[in-house]
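Here the protein sequences line up with chains D and A, keeping their order. The first sequence begins at 1 in this note's numbering and counts up one residue at a time. The second sequence begins at 1 in this note's numbering and counts up one residue at a time.
Bear in mind the hints are in silico, worked out from the structure with no lab data behind them. There could be a bad hint or two in this list.
As a list, the in silico BS3-like pairs of lysine-lysine whose alpha-carbon atoms are at most 30 Å apart [to be verified]:
1) Lys214/A - Lys116/D
2) Lys214/A - Lys127/D
3) Lys20/D - Lys148/A
4) Lys325/A - Lys51/A
5) Lys169/D - Lys127/D
Now the in silico label distances, taken between C-beta atoms and shown as ranges [to be verified]:
6) Ile113/D - Val204/A: 19 to 29 Å
7) Arg240/A - His179/D: 29 to 39 Å
8) Tyr16/D - Ala239/A: 18 to 28 Å
9) Ala329/A - Pro210/D: 51 to 61 Å
10) Val340/A - Asp131/D: 32 to 42 Å
11) Leu33/A - Ser18/D: 53 to 63 Å
12) Val336/A - Ser18/D: 17 to 27 Å
If the Cβ cut is set under 10 Å, some of the chain A residues that face chain D in the computed set are [what the hints assert, rightly or not]:
13) Leu219
14) Ile224
15) Phe229
16) Ala230
Where a beta carbon is used, it is the ideal one built from N, C-alpha and C, also for glycine.
Here are the chains, one letter per residue:
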Amino acid sequence: MTNTVIYEAHDVSKSYGSVKALTGASLRLHAGEVVGLVGDNGAGKSTLVKVLSGAHQPTSGRLELDGVEHVWGSPREALEAGIETLYQDSSLAPHLTVSQNLFLGREVMSPGILGKLGFLARRRMEKEAHDDLERVGIAVPASSRPVSALSGGQRQAVAIGRAVSWARKVIILDEPTNHLGARQAGEVLNVIRAAKAKGLGVIFISHTLPHVLEVTDRIVVLRLGRIVRDAPTSEFTPDSLIAAITGSADSEPTTDA
Amino acid sequence: MTDSSQAISVTPSPAAEARKARAFDALTSQSSLLLGVLVILIIVFTILEPKFFSVATASNILTDWGSIVLIAVGQAFVIISGGIDLSVGAVIGLSGVVAAWTMANVLGLDQTVKGQDAWGGLLVGAAVSVGVGLLVGLINAFLINVLKIVPFIATLSTMGAALGLSVVISQGAPIGSANDFALISSFSPQWNPLSPALVVVIVVVTVLGLYLHKARVGLYTYAIGSNAFAARAAGINVARHLTWVYALSGALAGLAGIYVYIRLGAGSPSSGTGRELDAIAAVVIGGVSLMGGIGRLPGVVIGALILFTVQSGLIMIGVEPDWKKVVVAVLIAAAVAAQVLRKSDGRS
C-alpha cells in the first residue's frame, strides 16, 4: 500500500425522492489498498457502490479520481476512467465463451481491412484471455468454452479476473464471495491480493465478515445511510465489527437483539 | 481424493482441450444433426413418392425457401438478442405492395416497358421495398427502446398496422404488371433454380452469417440475449444495438417483399400473411433458443429447408395443402420440446 490517494468521495449524499439512502459519506482509497465496506441490509452499501461506480449520480458531494473531480454520467464513463465494478449478480453472459466475456466491450479486431469491416481476432483474444487470467492467478479451462459450462466458483473467478485484468485504478467488488464454497472463496481472496499487489485500489463489499477481516487493510462501516466507523482492519475483532455494524457498540445500550 | 488442488485450477493443455472440444462440437453440432434429418426426410419422401426426388421439387422448395430464409435470418438475429419480430410477414406484403404501387403510379411503368427502363424500374422497386421494411424495423426499435414496449407487443402492433396499410394502399387487390414480364420471370427461381433472386438471397445470408458469428455486431447480439445487464455493464450501447437488429430484420423482410413480388409478378397485400410463423419455425428448428443467446445461422438455413421439404413432401404424398399450417405448428412445438429435452439432459 502506498500513500497515494487514488479515489476519494467527499461528503456524498444520495436521496431517492424523499428517501435519504446515503448521508454525508466520505471515503478515501489508496493505491494498493483493500477497503472493506460493510453494513446491514439497507445501510447504504449498494447506494455508495452505485455512486462510486458511476451507475447513480450523488445528490450532493463530489468524487475525485487521482485528485481530479469527476461527475460520472454513466458506468461507461467511470469504466473508461479506470474504475471496474463487479456487480453482485453475475456480470457475465453465460452463453459467451470465457474469452468473449473477458473482452466484451473491448474486443480486439482483426488486423487490416477485416477489422475495419467489424470482424474480430478470435484466436488472439482466446490466447490473451488465458494469459490475462493466469497473470491474476486464475487458471480456468480452455478460454473457448462457454461460461455456462463452468462451475459457480470458476464463473466468479472469471468475472473477477475480468475486472482485475481491465482495471487501471480502482476495482469495486460487490459480494464476490457470495454463494461460494470455502476453497473457491479462498481463490477469490487471492485474486483480491493480486489486484492489491498490482497497485489497484480495491473496494470489497461483503456480508461474510471473516473474509473482510482476512483480506482488507481498512474497514468502513455503514449504518442507516451514514459511515459510522472507518478504521484499520487491525483495530477490529469479529465481535467489535459486528457491534459496529449493528450499532450496539456506541450510543445505545445492549438491546435484546 | 488424491489431490484436491487439481479440481478447479489445472487443465492439461488448453489448446488440445479446445481442439478436442471443437471436433466434438462439430460432430454433434445442431447443423450436422439437422442435415441428417434433412437427408432422412428426403429419403423417406422419395420412397413414399419417387417423383419427389426431382429438379422440379427442389426448385419449388428453393423458391419458397428463398423468401423465408431472409426473414428467418432476420428473426434469428432478433431472437438471439432476446426479442421477437412478429411484423416480418406483414412487412413482406406491405413492402411488395408499396414497391408495386410506386412502380405503377410514381414511375408510371406497365408491362410494355422493355430493356433498360424495365431494369431501372425493378431496381427502384427493390430499393423502395427494402426501404419500407427498414422503416418498419426502425419503428419497432423505437417502440421497444424508447416507449419500452415489450418486443412481442411492439411488433404485434406494427404487424397489424402493416397488414392494414397494405390493404389500404392496394385497395385489397394485387398491384401487378408494372414490369417486363420476361425480365422479372428471368429473376424468379420458379423458372430457374439458380436465378439471380436466389443468388442474391444466398449472398446476403452468407454475409450475415459471417457477421453473426465472426464480427462484433454478432457478438453483441449474443451478449445482449444472454445477459443484457452484463452487456450494459461491459459498456455496450444496448438500445443502439437493438435498433440495428430490428432495422436489419425489417430490411430483410423488405428484401423478401421484392423477392415475393418478382415471384408473383405482383405486389399482393396478403403475400406475407402468416409468414412470420414460418420464420419462427425455421429459427427454432434450426436450434435457436427463444430465450435468447443461443443458436447458429447454418442451423436456421437448414431449418428453413427442412420446413419446406416437409411441406412439399406432404403435399406430394397426397396430404391436403390445408394441413400445412398445422404441420408448421407441430414442427415448432417439436423443435422447442427437443431444445428443452436437450437442456435437461445437461447439455446446452
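Against the structure, the hints come out as follows:
no., hint, verdict
1, Lys214/A - Lys116/D, "holds, 13 Å"
2, Lys214/A - Lys127/D, "holds, 17 Å"
3, Lys20/D - Lys148/A, "holds, 28 Å"
4, Lys325/A - Lys51/A, "holds, 24 Å"
5, Lys169/D - Lys127/D, "holds, 24 Å"
6, Ile113/D - Val204/A: 19 to 29 Å, "holds, 20 Å"
7, Arg240/A - His179/D: 29 to 39 Å, "holds, 34 Å"
8, Tyr16/D - Ala239/A: 18 to 28 Å, "holds, 24 Å"
9, Ala329/A - Pro210/D: 51 to 61 Å, "holds, 57 Å"
10, Val340/A - Asp131/D: 32 to 42 Å, "holds, 38 Å"
11, Leu33/A - Ser18/D: 53 to 63 Å, "holds, 58 Å"
12, Val336/A - Ser18/D: 17 to 27 Å, "violated, 47 Å"
13, Leu219, "holds, 6 Å"
14, Ile224, "holds, 8 Å"
15, Phe229, "holds, 7 Å"
16, Ala230, "holds, 5 Å"
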